[in-house]
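Construct all of the structure, not just a fragment, from the sequences and the given hints.
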Amino acid sequence: MLSEVVASIIAFSIGSNNTSNAFGVSVGCGVLSFRSALILIGVFVTLGSLTQRKVMETVGSIAHLNGELVLIVLVVSAVMIVLANVKKLPVSSHQAIIGSIVGAGVATGSARFGILASIVLSWVLSPAGALLLAILIYSALEKVVSELPVFSVERLLYLMLILSGVLVAYNTGANELAAALAPVVSAGMLPPLEATLIGSASLFAGAALLGGRVVETVGKGITNLDPLSGFSAQLSAGITVLLFTFLGMPVSTTYCLVGGIVGVGLLKGVRAVRVNLIKRIVSMWVVAPLLAFSASYLLTIALTVWT
Amino acid sequence: MRLFRRLSFGRTEKEVIELFREHLNTVKMACEVFLIALETDDKGLFNQVCELEKTGDRLRREIALKLYGGAFLPAMRGTLYKLAETVDEILDMLEDTAIDYLRLNLHLEEDIREMCVRVAKINVKMSNDLIEAFNALRSGDSLENRTVKIRAREREIDVLRNRIYEKLVRRNVDSYWEGKILSDFIDHLVYVSDIIEDAADLIQILNVSLR
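Protein chains in written order, with the working numbering: chain A, 1 to 307; chain B, 1001 to 1211.
Treat the hints as calculated values from the structure; they're not laboratory data. C-beta: ideal position from N, C-alpha, C; glycine also. A few of these clues could be false.
For lysine-lysine, the following DSS-like pairs were computed, each having C-alpha atoms within a straight-line distance of at most 30 angstroms [what the hints assert, rightly or not]: (1) B:Lys1066 <-> B:Lys1028; (2) A:Lys143 <-> B:Lys1149; (3) A:Lys268 <-> B:Lys1043; (4) A:Lys143 <-> B:Lys1054; (5) B:Lys1066 <-> B:Lys1043; (6) B:Lys1014 <-> A:Lys143; (7) B:Lys1125 <-> B:Lys1043; (8) B:Lys1014 <-> B:Lys1028; (9) A:Lys143 <-> A:Lys268; (10) B:Lys1054 <-> B:Lys1043; (11) A:Lys279 <-> A:Lys87; (12) B:Lys1167 <-> B:Lys1043.
Computed Cβ-Cβ distance ranges for the label pairs, DEER-style [said to hold, decoys possible]: (13) A:Leu159 <-> B:Asp1198: 50 to 56 angstroms; (14) B:Arg1211 <-> A:Leu247: 31 to 37 angstroms; (15) A:Ile278 <-> B:Asn1025: 47 to 53 angstroms; (16) A:Leu159 <-> B:Arg1021: 52 to 58 angstroms; (17) A:Lys143 <-> B:Arg1113: 35 to 41 angstroms.
Printed below as a string of structure tokens:
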């Protein structure tokens, strides 16, 4: 029961943070009201989690976990995610969850390193893929919009904004939520459908209760990005995460979004990219899973010794 | 629901564009009425210019309410509102010029009147060019020709302004206030073209704002 509660807390936390990934720009822009964004989040997150199970299966097969180990994995992940939120550090829920699963798996000797290697590879490839895709999308869009009247460009960008937001919401259910629920489902503590519905409801609650605050921050923070660049970055991130979801790989929307923004920044000249911010993000990308791994490994060893 | 209203392919945006067309047509009408008033020395028509200014205020308010109610992406919203304000400023300036004329309460010398009428005629042409520039913005046609034409006409008015002042400095006035109001009248009349040029510049900025 405790594990299900902690999994719900993680889903709640994903909801409060990822609402901004999906609709932060739209709400910040005044294109969508927060209520409309919430409805879209609720519908597409649930749709994503119900229609895609591959990520859940991949994450669930990293290591064999029993009830106590699932609790350790989820508590470590939840603490890391909450601390990262408090400290405003760019930590993906995937890194915390997968790092702690591997920690528990290594401690009990059940970790499958082949799957882990493919996940780590996807963590490297997904931001790089989003970067390249953002360059392609931006270049193509630039050509298209140069031929259109400005009011038609505005309509096109508006529709793209909604489309990319919906895509990110779908990915949140199909990838991020799936990864959070995987330990509970793989340990047989909840059937997949029930876990998905509870997870979606918790995520929706997180989005409804705390998402507005985060959306406001992101919406205000991103206004300096010109619309074409912002939409290219968001769409490239959405498409990349969707492709990796089809491959069953748990990848972070935030990191793909960073890849997309860097891609557009590179097109406009290296000076446009904030190198210090990228360094901070990359360092967390390495440190976060290692911290989760260490904490989970030590707690699992302690549990083994104690029992 | 707002989302579905927005997905009905920009009904609010279309309304804003229609309001802009109405606003620009009001400017054209005010320029035309002003010209006839100046040509015929018809005080009633000058009052009509003041009425058109009130219509302009209403249209600017309606545009502002729709823009800040969520019409268009924010990247365009600020410039669109600035355009509405600038178009409204044209009407304000025409109203000020009309009031100056009514305050003058004297007959302008024929040669000065003739040059003022020429300025007012160019203002009418520029207001028409501004409508064409806005239509080009909507249709995606080249804006270049329209804005170049507006700039050329504005320079023409600057030349006329200098000629008017050459005449004015040789003219005697009965009081400080007569001289001031006469000078204000000329300044306001020629300043209309400067504001029309500013509005044309904003249309050009809008054209590149999302590219």
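Hint by hint, where does the structure go against what was stated? Just the numbers, ascending. Failing hints, ascending: 3, 4, 5, 13, 16, 17.
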